[in-house]
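Novice: This is what each chain is made of:
2 protein chains.
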Amino acid sequence: MRYLIGVDIGGTNIKLALVDKKARLRGRKTFSTTSFEGKSDLIDGIVSQIKALVSGAGLSKNNIIGVGIGAPGAVDIRTGTVHYLTNIPDWREVPLGNILKKRLGLPVFVDNDVNVMALGEVYFGAGIGAVNMLCITLGTGVGGGLILDGKLYRGSSYAAGEFGHVPINISGPKCKCGSWACVEAYAGNNYIVKDVIADIRKGAKTLITKLVKGDLSKITPEIISEADRKGDRFAKKVWTDVGNKVGIGLAGVVNLLNVEKIVIGGGVAEAGKILFDSIKKTINARAMKLPAKTVRIVKAKLGYDAGLIGAATLVLYELGKENVTKN
Amino acid sequence: MRYLIGVDIGGTNIKLALVDKKARLRGRKTFSTTSFEGKSDLIDGIVSQIKALVSGAGLSKNNIIGVGIGAPGAVDIRTGTVHYLTNIPDWREVPLGNILKKRLGLPVFVDNDVNVMALGEVYFGAGIGAVNMLCITLGTGVGGGLILDGKLYRGSSYAAGEFGHVPINISGPKCKCGSWACVEAYAGNNYIVKDVIADIRKGAKTLITKLVKGDLSKITPEIISEADRKGDRFAKKVWTDVGNKVGIGLAGVVNLLNVEKIVIGGGVAEAGKILFDSIKKTINARAMKLPAKTVRIVKAKLGYDAGLIGAATLVLYELGKENVTKN
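If you read the protein sequences in the order shown, they are chains A and B. In the working numbering, each residue's number is its place in the first sequence (first place is 1) plus 4. In the working numbering, each residue's number is its place in the second sequence (first place is 1) plus 4.
Here chain A stands alone, though its shape is the one from the complex (with noise of 0.2 Å):
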């Protein structure tokens, strides 16, 4: 048997794990993204950690068929360059794939972190059998990935899918990218939560307050979850709001990329049924006809390992080379 090394670079967590062909998880470790000292620290990490998990399973590099990384930003796939690192402070443009594939003597591929979520969920999720579809994530951040015409799109400087920082009004909230009303400053985690104590603050009553017994720093969005399960109008209007504001975003590419597919993942998704009705009801406002009647908006299914078992798909992508939506 042949397995596949999946690693997902995140600002928080840096997670391996051996996969195999069909997405089983046969071996994992976590580590604190905070736990490397900087930069060659943490490629050390992860050359020692993969000979590990390779060998902990009584396996040996003839076993492996490659190295699937995925990490945040724009990903020069060509080399494997990641440009930034959020908490390794002296990474900048460190051509990771390059480096661990000498080190390792494995063919070793490196693609953004949605990218990869997308092609793990049109391999073995939630998106098999589409040609064009995106994937979206709601949590701190809004990312997004794209398979069109049966293919991981990447765009012209490796930096296409950020549907989080679609504009959807001409003014708005100011969001870290630097522009305003951009999807992810209505949909972000951060925002959310930030515009609920707002509201909070200016006498609005929820249950919400009682759930974090007044400490309105301890509000996340599975408190607010928590309150629209139990009947609260203030919650199911918050999720009925980022909704709306997700929905307008996804009609714009409705309408402009006419994808048959939109899977939806990260830690908001867990609202459920309120924020994918809402979602669906503004693409049916907004969207044209023709292609919102062709749209499924689905949620996805890979879940908390959505990460790992895309940066594995990876591999199997760039060495299948056979249409993506093939298994």
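Read the hints as simulated data drawn from the structure, not as lab findings.
Pairs count within a copy or across copies, as identical chains cannot be separated in the list.
Below are the PhoX-like pairs computed for lysine-lysine, each with C-alpha atoms no more than 20 Å apart in a straight line: (1) Lys178 / Lys293; (2) Lys285 / Lys178; (3) Lys33 / Lys55; (4) Lys297 / Lys180; (5) Lys293 / Lys180; (6) Lys297 / Lys285; (7) Lys240 / Lys277; (8) Lys198 / Lys241; (9) Lys206 / Lys240; (10) Lys214 / Lys234; (11) Lys209 / Lys222; (12) Lys240 / Lys214.
Starting from the structure of chain A, add chain B where the hints point.
Specialist: Positioned in the frame of chain A, the structure of chain B alone reads:
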């Protein structure tokens, strides 16, 4: 020598041309769409006019590589089915491509009018060399065509590219598509003129009123541009505002698709530098740094004959099976 036939079917006019492989027009005909009595008469007319074009140039069927047709709306390219034609009421779901193929004994390809313009621009115009490109037309409608990864991108039901119906605000003016606050609802000819008339009625002082001798129904984008060229502040603000609205929509496209080129054609594009400067300014303010740095905003080059040349180019694209960026 072998030639192409290009046919540009619009709501107002139907244009046909004999075109050589370097996109030079060797003969042309134009008819009013309303001069045909209905579906059958229109199809008969296209067949006889193509034959007349060929024989009039002293050529025979053997000299013709194929026929390319651009038509409004989503076109099912498998059968060449055009769903609706304004001004031809009995036209419903007509498989024009299949019908003409049989009647002419030639390869016939049909696609959306802005899709073929995008092909024309990428083969012979402002888009030469572009791998990822959006081509938009600013006219009565605002249309779009996408070249992605070197190929015409059509979407899952051949409806992709509707840049004019990307929403750019949460609320806003009604759009003819049924939604509101679409790019077209701010930047379409009629919407621009309607807003100008409303402003003048509310007391705005502008040279435009003098140029139309007080008859506000005579206001056109050309008149607004004439006033702008003569230094009229109000007219300048009109184009700056339109550029801002188009720029917001394009910022979303730049972030989502990371295209390297945006080609802008159509009558409103004639407003020139003031419009383009405003579009660029908005993209720089509202798109992310890397994709904003990557994209070039340029004026379409094929002008009045873009539809005809694009239609002929469709034949080269479909038969060439080559990457469209190669000539």
